[in-house]
Each structure stands twice: as C-alpha cells, then as structure tokens.
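Undergrad: With these hints in hand, go ahead and build the complete structure from the sequences.
From first to last, the protein sequence lines stand for chains U and L.
For what it's worth, this note's numbering labels the leading residue of the first sequence as 1, then goes sequentially.
For what it's worth, this note's numbering labels the leading residue of the second sequence as 1, then goes sequentially.
Fair warning: there could be bad hints in the mix.
Unchecked claim - With beta-carbon atoms standing in for the labels, derived distance ranges:
1. L:Leu210 / U:Asn170: 37 to 45 Å
2. U:Lys258 / L:Thr48: 41 to 49 Å
3. L:Ser73 / U:Ile41: 27 to 35 Å
No lab work stands behind these hints: they were computed from the structure.
C-beta: ideal position from N, C-alpha, C; glycine also.
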Amino acid sequence: MSHAIQERPVSAAPRRGSLSHARLPRWSPAAIAVGSIAGGIGTGLAAGWHSKVQWGLTAALLFVLVTFAVTTKVEGSRQAKDRVATSLVWVCFVLAVVPLLSLAWVTISKGLDVLDGYFLTHSMNGVLDAEAGGGVYHALLGTIEQVGIATLIAAPIGLLTAVYLVEYGNGSRLAKAVTFFVDVMTGIPSIVAGLFVLATWNLILGFGPSGFAGAMALAILMMPVVVRSTEEMLKLVPNELREASLALGIPKWRTILKVVLPTAIGGITTGVMLAVARITGETAPVLLLVFGTKLINPNPFEGAQSSLPLYVYEQYAVGTDAAVARAWAAALVLIAFVMILNLVARGIARWKAPKTGR
Amino acid sequence: MATTTPDIQGSRGAKSATRPGDRIFSGLSRGSGITLLVIMAAIAVFLTYRAVLAVSDDSTNFFTTFEWNPAGSPPVFGIAVLAFGTVVSSVIAMLIAVPVAIGIALFISHYAPRKLAKPLAYVVDLLAAVPSIIYGLWGAIFLVPYLDGLNKWLDQYLGWTYVFDKSSDGVARNLFTVGILLAIMILPIITNVTREVFLQVPKMHEEAALALGATRWEVIRMSVLPFGRSGIISASMLGLGRALGETMAVAVVLSPSFVLSGHLLDPGGGTFAQNIAAKFNEANEYGRDALIASGLVLFVITLLVNGAARWIIGRRKEYSGAAA
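TA: Now the structure itself:
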C-alpha cells in the first residue's frame, strides 16, 4: 500500500482550509468520507482500474490521510492522532463488512436462480454434468443423517464430560488434563479428524466409505464444542440450588439430573445446536470418508452417501454453468440450514435465560 | 476414582458417595472425560502409526523434498512445498486479519453507537458460522476476478520486492489470494475473542485516563490495549490455528503445483490440508498413508499453536476465551 501514499499526495486538504475554528464541525468526518469515496471513484475511473478493490483501497487511504492532514492543521497533533484512530477503526469496519455483505448477497442472488421445490426433492440420478436440472435431495438427506448420528455420539459424551468437569472434577489432575485437551481438541483441523477415522476405520479395520464414518469424524469435531459450552452453562447454575437439593437428602446424581441440568437446559441446548451448525458445514472429513454419490442412499451405514457441503464442492469442481448454478443453490440451502439453526439456538438462549435467575 | 472423590463427597455429605446411583453416574461422567482423552491419544497414535508406515518407504527426505509422487517406484514425496504454502498463506492472513479484527473489536466495544454495537456483535457471531466451503465458492468465483487488478497493481509498483513480482500471466489463484480469503474467514473468530477481552477492561482504568484529559485514542492506547494484549495474542493464535488447517476454501481457490516459489502472485504452491483434499481421490492405500503423514505434521503444528494460545489465556484467568 505504501506506494499509493507517494502516488496520491494529499490533494483534498486545501478544500477544507476555510475552517478556522479550533475544532472541526461535527459533519467533517462524514464530509471527508464522502470526499474520499468520490476521490477513490474518480482516480479509479481516471486510471482505468477495472477492479473495484483498488477503488475502495484508494478511497480508504484518502480518508485516513485527509482526516490526518485536516485535523493536524485545525486541531493539533493529539486530536489528529485521535481522529486518525477513529477513522482507521471505521475503515477496518467497512473493510470487513464489504466482503461479508458481498458474500451474503452473491450467495442469495445466485442461489435463488435454481433453488425451487424440484431442486429440494430430487437427486442427481441420471443428470449429466452440463445439463440443468437435478437436485440436492440426496445430499440433504445425507447431511441430516450424518449430522444426526454425530450428534447422537457427541452430545451425550460432551454433556457428561462437562458434568464431570463442573460437578465431580473440582481441580483434580484428570479434570485439568481433560480441560486442556478439550481446548486443544477445539483447534483440530477438520481434515485431521477425517484422516484419523480414515486411518482407523477404513485403512486398519477395512470398512468402505459410509455416512457413519463421516459422522464419527464430525462427532470428534463436535465434542469439544459441546463440552465447552455446557461447562460454561453449568458453572452459571447458582450453588444455592445444589445445596438446597442436597440438604433435602437428595442424592448427588439426582440433584444433577433434576436440578442442575434442567436449570441450565436452555444454554445447553443452544450450545449443542451451535455445535451442530458448525459441523453441518464441514466438508473435509466428509470428502475423505463419505465419498459422494449422485444417488439417494438412505442407509448411512453402508455405501457412499452425499452431503450438502460435499455437493457444493463437487458441483463447483465439475465447472459447467449448470453445475456451478447448482453449487450456488446448494450453498444457499446449506447457509440457510446453518443460519436457521443458529438463530433458533440463540432464540432459545434468550428465551430460557431469565428463568435461571429466579 | 478413589483419589478424587472422598474430599469432594465429604464436603457434600459422606453418605452420598456410597449410593449406587451416584457411583454409576459419576463413573459415567468420568468415563466420558476419559473417552475424550483416549480419542485425542488415539488420533496421535494412529496417525503416527500410518505415517511411519509411509515415511519409512519414502525414498527421499520427507521434510525437504519438492515432489509428491507416492505412487511412483520408488515413491517420492515430501512436504517442503506444503509447509511453505501453509505458513505463507497463514502469515498473510494474520497480517491482514489481526489489525482489522482489532479495529472491528474496538469499533464494537468503544466506537460504535450503542444501538449499532449489539446487533453488530450478533452478526459477527453469525458470520463465524458460515461454512468454509461457501467462503471457498465465493472466493473462487467472485473474489479471484476482483483481485486480478490488485495483483497487477502490486506487480507494477511493488514488483521490485521479488515477493510481489508476477512472472506469469493468469488468474489470481495464488497464495496471496488464499491469504486474503483466509483473512476474511478468520476475522469473525479473532474479533469475537478480542471484543470479549476489550469489554472486560476495568471501567475505572478508562475513566481515570479520561479524567486526565486523554483523547479516546489515548484511552485505548494507555488502558485498553495493554490490558487486552494477551487476549489479542491468544485470539490471533486461535485464528492462526484455523487458517493453518483450513481445507476447502484453499482447495477451491488455489491452483496448486509442487513448485516452491517466492513469487506470491504466481499461481501455484499448496497447503497441507489442500493437498490432502486434492490428492485423496486418486491415491491408493499407500498414497493415503503418505497423505496421513502430511496430516500428522499439520496436526502437530496446530496442536502447538493452539496449546500456546491456551497457555497464554490460562496465564490471565480473567479471560474465558471460550466463545469459539
């Protein structure tokens, strides 16, 4: 970026030279912003850059530089630094929001081209790569089955581990080791989890690709997330509740099952659903273990299945216009699935949250 | 079991430890904890086992070879190119993402109007959940053409740095683009953790600075950033862990080759995860073992990075850092 500093001397500064007060008026940041955006577009057009990225970067740079120059002149260097920091923070914000908005916009607009009832209820059976049509039903089915199995494996283990850490562990060496490795496990790349299941289940035990194999890898990815979130929730349960229950002579395990867990159930559900949302989008382990197929295979324990993220990847790799359009539509289905899970989970958290206090 | 239960149970009533229901339940929950440890150990053991099978038959040095041909006779494969690509793309991602993430976190915690801050934090949370394959699809179809111009620009003005010298024509499916895409992907997680730390800065510190006449930037520089330093570092390392292990986005965007080139704008290179995804389908059993060997290296690297991040968080207990 540094070359651009030399390239674009601060040309807009004299424009605000008429300000003679010690403080800039309230509208000055907005005015400078508008001016720099105009400057960015102007230079972009003048220099014939066809990439909007350059326009944006120029505008951002102009904004920061002009802010600095103007404020130094009018308000002094301390205020200038403050203003520059503020404008930098705003620039960061815009820099981050633009690609993310574009991601959402592109996915929705391109996805809606193909997405309809037919797409959701048909598989790719007999559909040629270059041919329009076909659908995502087999992948949707595969994703739901794999994620369901993974949840059935990971949620109980994760929940019980969290119960152990909060209710029984109490700083024992085992609890410390579990806490540490849960943290480390959160960072395992998804492809490594896939390779692990590949090494044991497929290469050593000799099973073929199946939805179940993928589900095991997904479960490994899901467990630490469930443990962390459940642990946080259980820690929020007031100790008075436990003590009151124990004082009534109720055994500890019943106290946990009937008092502690129900109190935290909202947060726990949220945590599990967020974990489900996270593994739904995982492609790498599914690519290694589930293998992908064009046909509907409702049996997760035998034969290759498909899954939504894998379907997106396959269709993109095919590369024909029709296939890429299908990839976008499947991406939209996937993102909708994940976002609905997220929103419902957060809704539950909000709805259940006040009851814990009582 | 006997080592830990008595003192805890003792504090909550000595009798309860002897009830069968208690014993079953505590056994179950401890068993789950142990299961987790066993899984972690099994991952390490089995990956190492298969990796040793592969590497012992490798006819060249596994760490310094610039080639990936486990099917050849003799098999030749090495991770030098992959290690280089992984490190370079992640470093680019960190260089872009960390400052921007700090900026957004500051924006949410200190700059944005309160009405805007809450929904913004919520949106950033949601963005962390967007599946990586979708970032990949967007990157390959939408971002790559847009970066072409930027690449030419960099080549034109910064070509003398060697790093930005673009020696071949072609679309921007290079390590630099991958780095930018990874930066966009890890922004939400770094922002989340950093923001959480910034919100925990004691109000008194900030108010004291304000009372001395500090500007908002001086408040941030003198009280917020020093307080949040270890939080920023650990958040960055969590992001780095993600970037290192990212598979699909890289596999979709990069046009890989087994050439180690310092020219970041030339298409080519590869990363551990991308190579596994790309080579898996054509690999026979031995080839898969070779891929597992490269996966093991990735596993060890991410383990070290994440362990370090957690260690830094652990030193400052006030940060939960668990929002992942």
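Undergrad: Could you see if the CB distance from L:Ser73 to U:Ile41 stays within 27 to 35 Å?
TA: violated, 60 Å
Undergrad: That 37 to 45 Å hint for L:Leu210 and U:Asn170 (C-beta), does it hold up?
TA: holds, 42 Å
Undergrad: Holds or violated: 41 to 49 Å for the Cβ distance of U:Lys258 and L:Thr48?
TA: holds, 44 Å
Violated hint for the displayed structure: number 3, the only one.
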